[in-house]
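**Student:** Sequence:
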Amino acid sequence: VGHVHRTNSRRPGYYDGRYWTLWKLPMFGCTESSQVLDEIRQCKEMFPGAYIRCIAFDSEHQGQCMSFLIHKPQNA
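First residue of the sequence shown? That's 1 in the UniProt record's numbering, and the numbers climb one at a time after it.
Hints were generated in silico from the structure; no laboratory data involved. All figures in this text were calculated on a predicted structure; none of them were measured in a lab. The reader is advised that the hints may include incorrect statements.
Said to hold, decoys possible - Distance windows between CB atoms, simulated:
| hint | residue 1 | residue 2 | range |
| --- | --- | --- | --- |
| 1 | G29 | K72 | 25 to 31 Å |
| 2 | Q64 | S33 | 26 to 32 Å |
| 3 | P73 | T31 | 20 to 26 Å |
| 4 | Q35 | S67 | 31 to 37 Å |
| 5 | Y51 | L25 | 18 to 24 Å |
Every residue gets a Cβ at the ideal spot worked out from N, C-alpha and C, and that includes glycine.
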């Protein structure tokens, strides 16, 4: 397990594992599961050594309703 060193701040930083970068813009209005699966396939091909997570949002309540890990790199 690594250690995160903060020089001038005790606030969490970008590279300490709390923040994830987005693959593309959110897929609002997506109606077909094949669209999501195609994006997952493209992301895995582009970043085979990265963790990939899927996040779903509830458009009515404007909040995250689901999040799960899709891909774990082999060397992890």
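**Student:** Against the structure, test the hints numbered earlier, and report the numbers of the ones violated in rising order.
**Tutor:** 2, 3 and 4
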